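Engineer: Here is how the chains run, residue by residue.
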Amino acid sequence: AQSVTQLDSQVPVFEEAPVELRCNYSSSVSVYLFWYVQYPNQGLQLLLKYLSGSTLVKGINGFEAEFNKSQTSFHLRKPSVHISDTAEYFCAVTMNTGNQFYFGTGTSLTVIP
Amino acid sequence: ETGVTQTPRHLVMGMTNKKSLKCEQHLGHNAMYWYKQSAKKPLELMFVYSLEERVENNSVPSRFSPECPNSSHLFLHLHTLQPEDSALYLCASSQGVTGTEAFFGQGTRLTVV
Chain H
99 AQSVTQLDSQ VPVFEEAPVE LRCNYSSSVS VYLFWYVQYP NQGLQLLLKY LSGSTLVKGI
159 NGFEAEFNKS QTSFHLRKPS VHISDTAEYF CAVTMNTGNQ FYFGTGTSLT VIP
Chain Z
112 ETGVTQTPRH LVMGMTNKKS LKCEQHLGHN AMYWYKQSAK KPLELMFVYS LEERVENNSV
172 PSRFSPECPN SSHLFLHLHT LQPEDSALYL CASSQGVTGT EAFFGQGTRL TVV
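Chains as they are written, first to last, in our numbering: chain H, 99 to 211; chain Z, 112 to 224.
Don't take every hint at face value.
[As the list claims (entries may be wrong)] Footprint (simulated), chain Z over chain H, 3 or more residues, beta carbon under 8 Å:
| no. | stretch |
| --- | --- |
| 1 | 129-140 |
| 2 | 143-157 |
[Claimed, not checked] With a cut-off of at most 27 Å between alpha-carbon atoms, the simulated DSS-like pairs for lysine-lysine come out as follows:
| no. | chain 1 | residue 1 | chain 2 | residue 2 |
| --- | --- | --- | --- | --- |
| 3 | Z | Lys133 | Z | Lys152 |
| 4 | Z | Lys130 | H | Lys147 |
| 5 | Z | Lys151 | H | Lys147 |
| 6 | Z | Lys152 | H | Lys167 |
| 7 | Z | Lys147 | Z | Lys130 |
[To be verified] Looking from chain H toward chain Z, a few residues come up when the C-beta cut is under 7 Å (computed):
| no. | residue |
| --- | --- |
| 8 | Gln108 |
| 9 | Phe112 |
| 10 | Phe201 |
Just so you know, these hints were derived from the structure itself, not from any lab. Predicted model, so just to flag it, every value in this text is computed and none were measured. Ideal placement from N, C-alpha and C gives every residue a C-beta, glycine not left out.
Could you put together the complete structure from these sequences and hints?
Structural biologist: The following block contains the structure:
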């Protein structure tokens, strides 16, 4: 069975500081990995995804994530956050044999002025 | 405009009512999904329609009934709901090919009174 763990439910960070949101997964087969962002009263929007190739992937809004197969992790990072980055962030996986997505519980990022 | 449109955005219904949620996608995708989003819980996959074949989460109560008349439209029929069914219901679509991301609608905020 597949599962996704986001260890931090809430992350407060000051404006212009760096941030890392953690994501670990478990799966018995190869997976594809995604990060989504959800602003208040909105649906989920794709930030970035890892399918294959370079383990460092860059996404929208200055975010990037690194796939680490040995640690089964896909942590999201941004070197300098803005107030507008305040939102809920979800890590997700899908297997290479299907199209069902499995999501973590989300991390609420609050950027403090 | 995300390409996935959900109506209504908000719905309040009594436990004896019957209502339906509607989802429409304009992306040419061939897989559509219903997710339930409750506070502090992972997104729960309720139903998947892929190439007109339905895959469902066996833990979803029968008071939720999906309908997918074609690849662009998806409904969730609701009847005799419980207060614990109050949540944000998200519709998503994808190309149905492994490794492709899901695109989400803005959701329907359902309150059962």
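Engineer: So, for every hint listed, does it hold in this structure?
Structural biologist: These are the hints, each one checked on the structure:
1. Residues of the stretch 129-140 of chain H with a Cβ under 8 Å from some Cβ of chain Z number 5, which satisfies the need for three, so the listed coverage holds.
2. Taking a C-beta to C-beta cut-off of 8 Å, the stretch 143-157 of chain H contributes 4 residues in contact with chain Z, enough for the three needed, and the coverage statement holds.
3. Straight-line distance between C-alpha atoms of Z/Lys133 and Z/Lys152 comes to about 23 Å, which keeps the hinted pair within the 27 Å bound.
4. The hinted pair formed by Z/Lys130 and H/Lys147 fails the criterion: a straight-line CA distance of about 36 Å is larger than 27 Å.
5. The straight-line distance between the Cα atoms of Z/Lys151 and H/Lys147 is roughly 23 Å, inside the 27 Å bound, and the hint therefore holds.
6. At most 27 Å may separate the alpha-carbon atoms for a hinted pair to count; Z/Lys152 and H/Lys167 meet this at roughly 26 Å.
7. Between the alpha carbons of Z/Lys147 and Z/Lys130 the distance comes to roughly 16 Å, so the proposed pair stays at or under 27 Å and holds.
8. For H/Gln108, the shortest C-beta to C-beta distance to chain Z is roughly 11 Å, which exceeds 7 Å, and the interface hint is violated.
9. A distance limit of 7 Å between C-beta atoms decides the matter here; for H/Phe112 the minimum to chain Z is near 25 Å, and the interface restraint is violated.
10. For the restraint placing H/Phe201 at the interface with chain Z, the shortest Cβ-Cβ distance is roughly 4 Å, inside the 7 Å limit, so the hint holds.
Checked against the numbered hints listed earlier, the structure breaks hints 4, 8 and 9; every other hint is satisfied.
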